[in-house]
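K.L.:
Chain E: place on chain F using the hints.
Number of protein chains: 2
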Amino acid sequence: MSRTFDTPQDAEDAYYDALEEGNLEGLLSVWDETDDISCLLPMHPLAQGRPAVRDVFTRLFARGQGITLSVKHLGWIDTGDVAIHHVEESPQNKSPDGQPPMAVYGTNIYRRGTGGWRLIVHQNAPTAPPAGRMPPTAR
Amino acid sequence: MSRTFDTPQDAEDAYYDALEEGNLEGLLSVWDETDDISCLLPMHPLAQGRPAVRDVFTRLFARGQGITLSVKHLGWIDTGDVAIHHVEESPQNKSPDGQPPMAVYGTNIYRRGTGGWRLIVHQNAPTAPPAGRMPPTAR
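Going down the list, the protein sequences come from chains F and E.
Numbering-wise, this note's numbering puts 47 at position 47 of the first sequence, and it's gapless, one number per residue.
In this note's numbering, each residue carries its 1-based index in the second sequence increased by 139.
Don't read these hints as lab results, they were simulated from the structure.
One should not assume that every hint holds.
Chain E stretches covered by chain F per the calculated footprint, using a threshold of three residues with CB under 8 Å from any CB of chain F [stated by the list, open to error]: (1) 182-196; (2) 207-221; (3) 240-252; (4) 256-266.
To be clear about the criterion: a stretch of chain F counts as covered by chain E if any three or more of its residues have a C-beta under 8 Å from a C-beta of chain E, and this derived list gives those stretches [as the list claims (entries may be wrong)]: (5) 71-82; (6) 105-115; (7) 120-129.
Chain F is faced by these chain E residues, among others (derived, beta-carbon under 8 Å) [what the hints assert, rightly or not]: (8) D175; (9) S177; (10) L179; (11) H225.
As the structure is a prediction and not an experimental result, all values here were calculated from the model.
We put the beta carbon where it would ideally sit given N, CA and C, even for glycine.
Pulled out of the complex, with its shape left as it was, chain F reads as follows (with noise of 0.2 Å):
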């Protein structure tokens, strides 16, 4: 599958649609195809080179669905040929213990090649806690 994407964007939108759908072909078809992509889900170790991110997303679609996330834009650097997206995501999915799932920072980071613009790095991190359980130096 071949697509361009003019903006950073596209290439967003087209990536947390892929996921909603467990589309993994459509969402590869987001990442750059060169070897130096990551991708850094939560509870996951850092997935590094295409291989390793095609086996993350595919054992991800093994469960049989795809991740339905609200996506907040938190803030964007564009430099150049590389533009940083600053997101925060709140899955909406029901969790299996009923729990509300809890949203997550995520950085998404494309870059402009000949082919339009695609993801190079995603990387998941776990929101602040609380006020009353963050640490001293956070209040």
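P.N.:
Only chain E this time, still in chain F's reference frame:
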């Protein structure tokens, strides 16, 4: 304080040195002097902009000591005027409860400007839990 870093690694070395020394001004001199910078330390909310980044490290150093980290490079992406470094940071300071310190992932993004390379994003994320406690998708 005005310093010039000729490579992303020079900036990175200065960052971790200043962190170890608890040297606020030295540390801030590594960050770019623009308002699109962002910093996400463990258990903290995302800090965006230079005043917020200054505030995070002012509070961190108010504990009265620096943070000594053993830094292992996991990989990096060099793309024109932006360099992305993935590292694993292992705290060397003893924790108050005597627990062994937990390593975290760190992503440092540097941008080249007229004054050399400066840090624009620092972001931490937890490393994966031990294999027995990892989600099915990460095994």
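K.L.:
Would you mind marking each hint as holding or not holding in the structure?
P.N.:
Hints, one by one, checked against the model:
Against chain F, the stretch 182-196 of chain E contributes 6 residues with a C-beta closer than 8 Å to a partner C-beta. That satisfies the three-residue criterion, and the hint holds. For the stretch 207-221 of chain E, the assignment as covered by chain F holds, since 7 residues bring a beta-carbon within under 8 Å of that chain's beta-carbons and 3 suffice. Here's how the stretch 240-252 of chain E fares: 4 of its residues keep a CB closer than 8 Å to some CB of chain F, so the rule of at least three is met and the hint holds. Counting residues of the stretch 256-266 of chain E whose CB lies closer than 8 Å to any CB of chain F gives 7, so the stated coverage by that chain holds, three being the minimum.
A count of 7 residues in the stretch 71-82 of chain F with a Cβ less than 8 Å from any Cβ of chain E is obtained; the coverage claim is therefore met, three being the minimum. As drawn, the stretch 105-115 of chain F meets chain E at 4 residues by the rule of a beta-carbon pair under 8 Å; at three or more, the given contact holds. Only when three residues or more bring their CB closer than 8 Å to a CB of chain E does the claim for the stretch 120-129 of chain F stand; here the count is 9, and the claim holds. Restraint check, E/D175 versus chain F: the minimum CB separation of about 5 Å is within 8 Å; hint holds.
Of the supplied interface hints, the one on E/S177 holds, with its beta-carbon coming within about 6 Å of a beta-carbon of chain F, less than 8 Å. Among the interface hints, the one on E/L179 holds; its C-beta lies about 6 Å from the nearest C-beta in chain F, closer than the 8 Å criterion. Given hint, E/H225 at the interface with chain F, holds; its Cβ is 6 Å from that chain's nearest Cβ, closer than 8 Å.
Consistency with the previously given hints is maintained throughout, with no hint failing.
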